[in-house]
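Residues per chain are reported as follows:
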Amino acid sequence: QKEVEQNSGPLSVPEGAIASLNCTYSDRGSQSFFWYRQYSGKSPELIMSIYSNGDKEDGRFTAQLNKASQYVSLLIRDSQPSDSATYLCASYDSARQLTFGSGTQLTVLP
Amino acid sequence: KAGVTQTPRYLIKTRGQQVTLSCSPISGHRSVSWYQQTPGQGLQFLFEYFSETQRNKGNFPGRFSGRQFSNSRSEMNVSTLELGDSALYLCASSLVGDPADEQFFGPGTRLTVL
Chain D
2 QKEVEQNSGP LSVPEGAIAS LNCTYSDRGS QSFFWYRQYS GKSPELIMSI YSNGDKEDGR
62 FTAQLNKASQ YVSLLIRDSQ PSDSATYLCA SYDSARQLTF GSGTQLTVLP
Chain C
126 KAGVTQTPRY LIKTRGQQVT LSCSPISGHR SVSWYQQTPG QGLQFLFEYF SETQRNKGNF
186 PGRFSGRQFS NSRSEMNVST LELGDSALYL CASSLVGDPA DEQFFGPGTR LTVL
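Keeping their order, the protein sequence lines are chains D and C. Oh and the first sequence: position 15 is 16 in the numbering used here, straight run, nothing missing. Oh and the second sequence: position 40 is 165 in the numbering used here, straight run, nothing missing.
FYI, nobody ran anything at the bench for these hints, they're computed from the structure. Watch out, some of these pointers could steer you wrong.
With a straight-line Cα cutoff of 20 Å, these simulated SDA-like cross-link-like pairs (lysine to any residue) come out [what the hints assert, rightly or not]:
| id | chain 1 | residue 1 | chain 2 | residue 2 |
| --- | --- | --- | --- | --- |
| 1 | D | Lys68 | C | Thr163 |
| 2 | D | Lys3 | C | Gln162 |
| 3 | D | Lys3 | C | Gly183 |
| 4 | D | Lys43 | C | Thr130 |
| 5 | D | Lys3 | C | Pro224 |
| 6 | D | Lys57 | C | Asn181 |
| 7 | D | Lys43 | C | Glu227 |
| 8 | D | Lys57 | C | Pro224 |
| 9 | D | Lys43 | C | Leu236 |
| 10 | D | Lys3 | C | Arg198 |
| 11 | C | Lys182 | D | Gly30 |
| 12 | D | Lys43 | C | Ala225 |
| 13 | C | Lys182 | D | Glu4 |
| 14 | D | Lys43 | C | Thr139 |
| 15 | C | Lys138 | C | Gly209 |
| 16 | D | Lys43 | C | Thr163 |
| 17 | D | Lys43 | C | Pro232 |
| 18 | D | Lys3 | C | Asn181 |
| 19 | D | Lys3 | C | Gln169 |
| 20 | D | Lys43 | C | Leu206 |
| 21 | C | Lys182 | D | Ser95 |
| 22 | C | Lys138 | C | Leu208 |
| 23 | D | Lys3 | C | Thr163 |
Note that the coordinates shown come from a computational prediction; the quantities given were computed from them, not determined experimentally.
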């Protein structure tokens, strides 16, 4: 069973702080990794994709990948109340499927 | 560029009925994947279509089926509906469905089975 594990939270951070979201995956054959944001009642929205070890930055978001540890993370700098949502980690695994974690609920407190 | 569209947005059916959901991918995208999202099971992969062929299938019963047309639009069908089929059904499109392709989701169809 290929799995993607996330802390379900909820995670609360004050406005302006750094929010750190973590994810582990079980399939070593996973080739690419994605972070999606999902607001309540809406569909997932792609934030970041990462394919190789290291960091990838896009605005206030930084994705980190460590294939040896089978670990992916997302850092949100200068968190805003509008960042309050559920964040889904996904891996494109060896079965050619996008497998999702259960999501981490983030609340940014004003 | 228009995003992924799904119709209908909401649907109410009774047990035993069947339902067909429709998805139009982003222009130029040829791969369409379908997912089921429920509070208990999260987001689960149903199947993926590319060039009118089902290329991959998740762990769902045969009551769930789909197809893709030559213009890349896709439909999924659920027959003999059960209460547990109540969920948000999402389709996502990508260029060709390769590992490096990013998938973009439509707004979803909320299915309620009574």
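Going down the list of hints, with the structure as the test:
1. Proposed proximity of Lys68 of chain D and Thr163 of chain C is contradicted: the alpha carbons are some 29 Å apart, above 20 Å.
2. For a cut-off of 20 Å, the pair hint linking Lys3 of chain D to Gln162 of chain C stands: about 18 Å separates their Cα positions.
3. Between Lys3 of chain D and Gly183 of chain C the alpha-carbon distance is near 12 Å, which keeps this suggested pair within the 20 Å criterion.
4. Proximity of Lys43 of chain D to Thr130 of chain C is assessed by CA-CA distance (about 13 Å); at most 20 Å being required, the pair is judged to hold.
5. For a cut-off of 20 Å, the pair hint linking Lys3 of chain D to Pro224 of chain C stands: about 16 Å separates their Cα positions.
6. Restraint check for Lys57 of chain D and Asn181 of chain C: not satisfied, since their Cα atoms lie roughly 29 Å apart, outside the 20 Å limit.
7. Restraint check for Lys43 of chain D and Glu227 of chain C: satisfied, since their Cα atoms lie roughly 19 Å apart, inside the 20 Å limit.
8. With a CA separation close to 17 Å, the supplied pair Lys57 of chain D and Pro224 of chain C stays within the 20 Å bound.
9. Straight-line distance between C-alpha atoms of Lys43 of chain D and Leu236 of chain C comes to about 14 Å, which keeps the hinted pair within the 20 Å bound.
10. Restraint check: the Cα-Cα separation between Lys3 of chain D and Arg198 of chain C comes to about 29 Å, which exceeds 20 Å; the hinted pair is violated.
11. A hinted pair counts as satisfied when its Cα atoms are at most 20 Å apart, and Lys182 of chain C with Gly30 of chain D qualifies at roughly 18 Å.
12. With a CA separation close to 25 Å, the supplied pair Lys43 of chain D and Ala225 of chain C exceeds the 20 Å bound.
13. Between the alpha carbons of Lys182 of chain C and Glu4 of chain D the distance comes to roughly 17 Å, so the proposed pair stays at or under 20 Å and holds.
14. At roughly 24 Å between alpha-carbon atoms, Lys43 of chain D and Thr139 of chain C are farther apart than 20 Å, so this suggested pair is violated.
15. Between the alpha carbons of Lys138 of chain C and Gly209 of chain C the distance comes to roughly 12 Å, so the proposed pair stays at or under 20 Å and holds.
16. Proximity of Lys43 of chain D to Thr163 of chain C is assessed by CA-CA distance (about 13 Å); at most 20 Å being required, the pair is judged to hold.
17. A distance of roughly 7 Å separates the Cα atoms of Lys43 of chain D and Pro232 of chain C; the hinted pair therefore holds under the 20 Å criterion.
18. In summary, the hint linking Lys3 of chain D to Asn181 of chain C is supported, as the alpha carbons are separated by about 15 Å, within the 20 Å threshold.
19. For the given pair, Lys3 of chain D sits about 12 Å from Gln169 of chain C by alpha-carbon distance, which is consistent with the 20 Å threshold.
20. Distance check on the hinted pair: Lys43 of chain D and Leu206 of chain C sit about 24 Å apart at the alpha-carbon level, beyond 20 Å; violated.
21. Simply put, Lys182 of chain C and Ser95 of chain D have alpha-carbon atoms about 13 Å apart, close enough for the 20 Å limit, and the pair holds.
22. Restraint check: the Cα-Cα separation between Lys138 of chain C and Leu208 of chain C comes to about 10 Å, which is no more than 20 Å; the hinted pair holds.
23. Annotation: proposed proximity of Lys3 of chain D to Thr163 of chain C holds, straight-line Cα distance about 19 Å (limit 20 Å).
Figure legend: structure checked against the earlier numbered hints; hints not met, in rising order: 1, 6, 10, 12, 14 and 20.
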